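Order-wise, the sequence lines are chains A and B.
Quick note: the first sequence, position 12, residue 12 per our numbering, numbers continuous.
Just so we're on the same page, our numbering is the position in the second sequence counted from 1, plus 1000.
By construction, these hints were calculated from the structure, which means they are not laboratory data.
In this text the structure is predicted, and so the values were computed from the model without any measurement.
Mixed in with the good hints there might be a few duds.
Taking beta-carbon pairs under 10 Å as the criterion, some of the chain A residues facing chain B (in silico) [stated by the list, open to error]:
#1 V35
#2 N82
#3 A84
Computed list of lysine-lysine pairs in PhoX-like fashion (alpha-carbon distance at most 20 Å, straight line) [as the list claims (entries may be wrong)]:
#4 B:K1132 to A:K9
#5 A:K194 to B:K1089
#6 A:K9 to A:K76
#7 A:K154 to A:K132
#8 B:K1003 to B:K1070
#9 A:K9 to A:K83
Pairwise CB distance ranges (calculated) [said to hold, decoys possible]:
#10 B:K1116 to A:K164: 33 to 43 Å
#11 A:K164 to B:K1070: 25 to 35 Å
#12 A:R14 to B:L1112: 49 to 59 Å
#13 B:T1110 to A:L23: 42 to 52 Å
#14 B:G1013 to A:R286: 41 to 51 Å
#15 A:K19 to B:G1038: 44 to 54 Å
#16 B:S1014 to A:R286: 34 to 44 Å
#17 A:K164 to B:L1112: 49 to 59 Å
#18 A:N184 to B:K1116: 24 to 34 Å
No residue lacks a Cβ here, since even glycine has one placed at the ideal position from N, Cα and C.
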Amino acid sequence: MNTHLQAIKLVLARMLQKKLSTLMISLVIAVALCVPALFYIGVNHLTTFTSQLQSETEMSLFVKLDANNDQINQIKDALAANKAIKSVKFVSKDEAWQALKAKAETQDLDKNPLPDAFFIQANAAEPEALEKLKNDLAKLNNVEKVLLNTEWVKRLSAILALGKQIILLVAGLLAIALLVIISNTVRMQIITQKDEIIVSKLMGATNGFIRMPFLYAGMLYGLIGGLLAALMLTIMVWLFNQSIAQLAELYHSNFNLPIFDGSLFSKIILFAISIGWLGSYLAVTRAIAAIKTN
Amino acid sequence: MIKFDHVTKRYPGSDDILKNVSLSIEAGEFVFVTGHSGAGKSTLLKLIAALERPTHGTVLIANQNISQLKDSALPFMRRRFGLIFQDHKLLYDRNCFENVILPLHINGITGLDAAKRVRAALDKVGLLSKEKAMPITLSGGEQQRLAIARAVVSRPSVLIADEPTGNLDASYATDIMSIFQAFNQVGVTVVMATHDALNRYAMHKRVLHIDHGELKNEQSISS
């Protein structure tokens, strides 16, 4: 344990000696972490937003205004028999009229303009299946119109799912870049500490002892970079919320992004520390093998 | 303590540096290794200090066969030895105290106990007042004494010195030799390579003379 403290002290002293280069490498790490994290925050928030929308009615079927009760019942039976349909809610034109009158100013209207309507939940969620069901229902007698309410939501969520995959890809690429950057930085340090490594080897230092300060250096770069990334994300999300607030107000929405996401931030920091550890491990293991004692 | 049995050492692409060397060094001895430069003195020292493994033959250190030791066990074997080099191999980015404490950290000794031992070692070589000085500000003789302090601080049972006085004035060299003598008197085994076989401190000491990789004669130099 003391040996670990000793190594950390040594690394911190060296970092303080080279404040500028420590800051630079940490900034590079922070920016590389920020890019996928920012996308993630946006996509993640839109996903929760759209999944709320999806729980509402999927399809609306409007009956022709002149249809009588028998014809309506025929449609009802046809819907009940359709295996692609999960549930149906019937709202008669009178019910809809009452609801509308309760909600809005309707003095100008002296006659009910609303049709009878069925609100349908389908079993399938795939756009193709819904499209087919919609076409089938539109062919029924006395049906004025079938609307697929959530079509755009489905498309959006498909795009968002694609977005998530792209984020993973970008994050993966940036992780490789980070690995290279960190292991290169540590490699430069190893070159400047070469004498120390040689002398330590001569005195019977184990590879673990030699590796330790470099591993802590890599992990500290990750930690500082991760903390910087969390700070930068907080500022960016705050600025975004400021500018979106006015727009959201126009739509009577309080859409904004969560400013402090502790779970995301701790994941970013842990990820950065792991990358730092791995990068320096690769560099130092290669260097130890390469540096001969004589 | 140290036993060579028909040891041959060859580096990849080289001729035999050491040929069929057999010798044994007992605990508490003071042994000189002599020979012209390139004769194989340094290689012999490296084999003794477990820095290299023999190509043929066996090297036994404290009854352990170096050829059969795992890589991971070698560092622990090396800690039995204090090494001193002609070029000191000091670390110039840290002060005297920090140079000497390094072997203790390698041995897992830290804190007050380590500091005490560092000061004791610096005191033995007469550098206690310079613990905060950077090595580059010391004279050649002082740097070599610092290297000795670093070699003895972890209390090794064997001191191995490769031409420790090679670069020094006669008066400094006398200094250094008397320090080695003092350690030998308290029971530390000393193995020292020197190209100067007539070193006056070699009196009554065993001399291993190496000529073109062969151990020529074991002699005791008397004045």
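Note to self: Tell me the hint numbers this structure goes against, listed in increasing order.
What the structure shows: 1, 2, 3, 6, 9, 10, 11, 12, 13, 14, 16, 18
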